[in-house]
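Visitor: Take a look at the letters that make up each chain.
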Amino acid sequence: MQLTVWTYEGPPHVGAMRVATGMEQLHYVLHAPQGDTYADLLFTMIERRNKRPPVTYTTFAARDLGKDTAELFMSAARNAYARFKPQAMIVGASCTGSLIQDDPGGLAKSLGFSIPVIPIDLPAYQRKENWGASETFYQLVRAIAGPKAPPPGTKRAERAPGQRAKCNLLGPTALGFRHRDDITEITKLLGQLGIDVNVVAPMGATPADLTRLGEADFNVVLYPEVASQAASWLQRIFHQPFTKTIPIGVSATREFVREVAGLAGVDPEPMLAAASTRLPWYSHSVDSTYLTNKRVFIFGDATHAIASARIASEELGFKVVGLGTYSREFGRDVREAAAKYGVEALITDDYLEVEAKVAELHPELVLGTQMERHIAKRLGVPCAVISAPVHVQDFPARYAPQMGFEGANVIFDTWVHPLMMGLEEHLLAMFKDDFEFKDGALPSHLGTGHAPASAPAVAEVAVALPQSAPVLDGAASEPAPTTPAPTGAVWAPEAEKELLKIPFFVRGKARRNTERFANENGVATITVETLYDAKAHFAR
Amino acid sequence: MNARAEGCTAAPDPSSRVVRHERGQHEVFCGLTGIVWLHRKIQDAFFLVVGSRTCAHLIQSAAGVMIFAEPRFGTAIMEEKDLAGLTDANDELDRIVTQLIARRPDIKLLFLVGSCPSEVIKLDLSRAALRLSQRFSPAVRVLSYSGSGLETTFTQGEDACLASLVPVLPASTGTEASLLVVGSLADVVEDQFIRLFDGLGIGSVQFFPPRNSGSMPSVGPNTKFLLAQPFLPDTARELEHRGAKRLAAPFPLGVEGTTGWLRAAANAFGVDEALFDKVTQPARVRAERALDKFRKELSGRRLFFFPDSQLEIPLARFLSRELSMELVEVGTPYLHREHLAEELKLLPADAAITEGQDVDLQLDRCREARPDIVVCGLGLANPLEAEGMTTKWAIELVFTPIQGYDQASDLAELFARPLVRRAKLVA
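Top to bottom, those sequences are chains X and V.
Using the numbering used here, you'd call the opening residue of the first sequence number 1 and step up by one each time.
Using the numbering used here, you'd call the opening residue of the second sequence number 1 and step up by one each time.
Careful, some of the hints might be misleading.
Said to hold, decoys possible - The list that follows gives simulated cross-link-like pairs (lysine-lysine, DSS-like), each with its CA atoms no further than 27 Å apart:
1. K319/X x K535/X
2. K41/V x K293/V
3. K224/V x K296/V
4. K51/X x K67/X
5. K51/X x K392/V
6. K377/X x K41/V
7. K424/V x K293/V
8. K51/X x K424/V
9. K392/V x K67/X
10. K497/X x K509/X
11. K392/V x K345/V
Unchecked claim - Simulated DEER-style distance windows between Cβ atoms:
12. V420/V x F84/X: 31 to 39 Å
13. T184/X x R135/V: 55 to 63 Å
14. D44/V x A524/X: 56 to 64 Å
15. R278/X x D91/V: 42 to 50 Å
16. V420/V x E425/X: 42 to 50 Å
17. A423/V x R278/X: 51 to 59 Å
18. V420/V x A275/X: 47 to 55 Å
19. D91/V x R332/X: 31 to 39 Å
20. K245/V x A82/X: 45 to 53 Å
21. T184/X x P167/V: 38 to 46 Å
22. K109/X x E385/V: 33 to 41 Å
23. T87/V x K244/X: 22 to 30 Å
24. K81/V x R258/X: 40 to 48 Å
25. K67/X x R135/V: 33 to 41 Å
These are calculated hints, taken from the structure and not from any lab test.
What you are looking at is a predicted structure, and each value in this text was computed from that prediction instead of being measured.
Cβ coordinates follow ideal geometry from the N, Cα and C atoms, glycine included.
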């Protein structure tokens, strides 16, 4: 068993629902107990969809367990088929459904529907949501596009001269972080290169559309967590190459443009020359100088975490002090990326471990998921969301892609917004006793005024307490107890006072560095001198 | 559930009305959802669900953005090795509980909450609770109940939780009759009721659940209890086992319901009619006046309830009798005829009641009837709005102070607001 406070991913059948709900004319019959219909509101409320997800649940209850739950499943499937008349159906079980072993796949086959019925086996006690989405999409593609596969050994026909190249966009699903606008942005970008989009899947595709996947020249994989398994299969069976670059960030988008242009046999340079994005100029303008080496912690799904680290480091000039993911399937990629920034990757789905890491590293900005917002709020650190899981505010009404050149503009604004603006930062360092703009106050452009008086204490103590976070809710807003530093060195009162003169958002880091310095140099009492010795020692 | 048989046999005449029973896809929450409000009500309790990732995901989704600090609930997620019997589930549970209590030493009461998976593999949580209680006594008391979807629908999770607490409530020693109010109420509502009972001279009033585990009410043969919520049959039965007597009453929704509810207590405690009128009259008049504002908006409007919380019948009674709304269909996940007898007497004779659900068929009936307002869960609300229907999402009724005189107009406003909004929006 694993103790879980927050979970980064839902169970795998939620991944299957994301595929089914993203698609049209596909129905999902799910063998699940009463109550599992909660998943509907992920789509109707968080994503604000205006239709019920195309999912029929058997919703069995205790009294059904003594009877024939298999018959219950069959009647649910029969009714769903008659009522919704889908082009294809997927069938499977939720975690409890799988324990009662009714074999939805076999049962559905025996009903003799005249449409493809695809069983989706999801090991609910081993795998999670993204794996479920990937597996479902892969099984669908295999079952529906498979019959159109060319005989083994045949080569792909050359495209007729003068005919525009065609590609599929693979990976976007329902409940994906900014998938809606990423599709628009990438479709536009491909259009400027003279490349047509054949099928976007799963989002917006019907099963009939999936039969046409083989007609494209290559595949664009936007979200490897969902689509890389299907894309690999399409490459093997239909000889379609697929893209490896994820177009999040300016450099990555440029690389992506060159990669697709190569696959399509077109010249990318005119398009790149004409492309406009404001991020590079905004980031070069002197107003952004104070962003240099801001210490940032990044966590999310592997795709967004890796892309964000690159933007943070190369395009905004931050210093990446931590990088991690909950996508274990892509742990190797994240480890490789982390090595580039000289940090050790944090591969975990344990929220408490992430929290401890953030507390230990003392970043000035956290880029993460909805869960990291919880952590950052508790520790008083600015935060922006870069990856699912996200809540309703990250399914915005406005156009808000992460991908392509407009995505880079959105990212610049989103990530810089939570940071205190330059002038205010300077003034706070100069004048500590202002009654209004005081130490630890929230940036005044965020409008909410002042942080609770105890915020500095909470953030600082967190260094010493990575394992024992404050307890009951109320405790978070009470002054945290002053716990002795986990070192041999003791702070002299003047040094403690001097420490308070260091700006709030870097103070925790300064405290930790000073203590480390004292320990390494055998200093028993930390004085003002020790503080400045350490500052000189660690000067960047 | 055995409460069903008990309810039917005892049915008095007014409640023998025709009820449609439906069985099919239920679009409802499971009992785990009760944790979302119970963890705030009993402030030093922690709710540990023993279940799957789905259970953890459910509570997290239901709690939504509400909780940004560390919540007082969590899930022990069962893994492959727990199911395969490779590890002893009881040892694992002990390890997790030890870890949890070390992390949060302020916990006084720990509920092990059963789920569908733990139920299907027959993990005996009541024995685990006994074992852990002995180990952590006296600092922490460990109890267990089931919030699984197999056994409970939404608010029935509160029933299961409270029923698990009843056997450990202290025995009352006095000989004088005392009043126990049963069911989670908002703090402000509790305080209002305390003032009213005081005015009536019913001094010894306790509330269950209490605000923390240190102030558990006592119970015994001298205890008379009033249900404040309609979804508590198991809790009531446990209280009756301890000798307490239930006072039959409608539920305290609206002026009429609140008056009937208070009167049941007044009669049981021999409060004379003149005093009752003197104490309740000002509040009744004030509530009636506040309701007037909404009568014009709501009167004659046709109302359709999908099943959700078991509050549907008392709500339908209030909306039809005090605001002249018309009832198209009143769905309830489960109908306890005995506890709802006073409500059923008041409900219009022609109201169509449905117990259980087949959501597709119910949606067909709803579309056919085109009601003015549909009360339903969040999975249905936006899709129905998109079809041009006005909806009121039902869960809010569980999270808002709606009981008592001074909340009657707030309750009416919850139903008026979506209609006003639809009328206001031009685009």
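Visitor: Against the 27 Å threshold, does the CA-CA distance of K51/X and K424/V hold or violate the hint?
Guide: Within the cut-off at roughly 24 Å; holds.
Visitor: Confirm or reject the claim that D44/V and A524/X have a C-beta distance inside 56 to 64 Å.
Guide: 42 Å, violated
Visitor: Check whether the Cα positions of K392/V and K67/X lie no farther apart than 27 Å.
Guide: Answer violated: K392/V to K67/X is near 36 Å, above 27 Å.
Visitor: Holds or violated: K497/X with K509/X, Cα cutoff 27 Å?
Guide: 16 Å, holds
Visitor: Verify the CB-CB distance for K245/V and A82/X against the hinted window 45 to 53 Å.
Guide: 52 Å, holds
Visitor: Taken at face value, is the distance from the CA of K293/V to the CA of K424/V at most 27 Å?
Guide: 17 Å, holds
Visitor: Given the hint that K51/X pairs with K67/X, test it: the Cα-Cα distance must not exceed 27 Å.
Guide: Distance ~33 Å between K51/X and K67/X Cα, so the pair is violated.
Visitor: Just to be sure I understand the hint, the distance between the Cβ atoms of T87/V and K244/X should be within 22 to 30 Å; is that true here?
Guide: 40 Å, violated
Visitor: Do the beta carbons of K67/X and R135/V sit within 33 to 41 Å of each other?
Guide: For K67/X and R135/V the Cβ distance comes to about 39 Å; the hint holds.
Visitor: Assess, step by step, whether the Cα of K377/X is no farther than 27 Å from the Cα of K41/V, and give holds or violated.
Guide: Judged against 27 Å, a Cα distance of about 24 Å means the pair holds.
Visitor: Would you mind confirming whether the straight-line C-alpha gap from K224/V to K296/V stays at or under 27 Å?
Guide: Between K224/V and K296/V the Cα gap is close to 39 Å, so the pair fails against 27 Å, i.e. violated.
Visitor: Between K51/X and K392/V, does the CA-CA distance stay at or below 27 Å?
Guide: The given pair, whose Cα atoms are some 17 Å apart, holds under the 27 Å limit.
In this structure, the hints that do not hold are numbers 2, 3, 4, 9, 14, 15, 17, 21, 23, in rising order.
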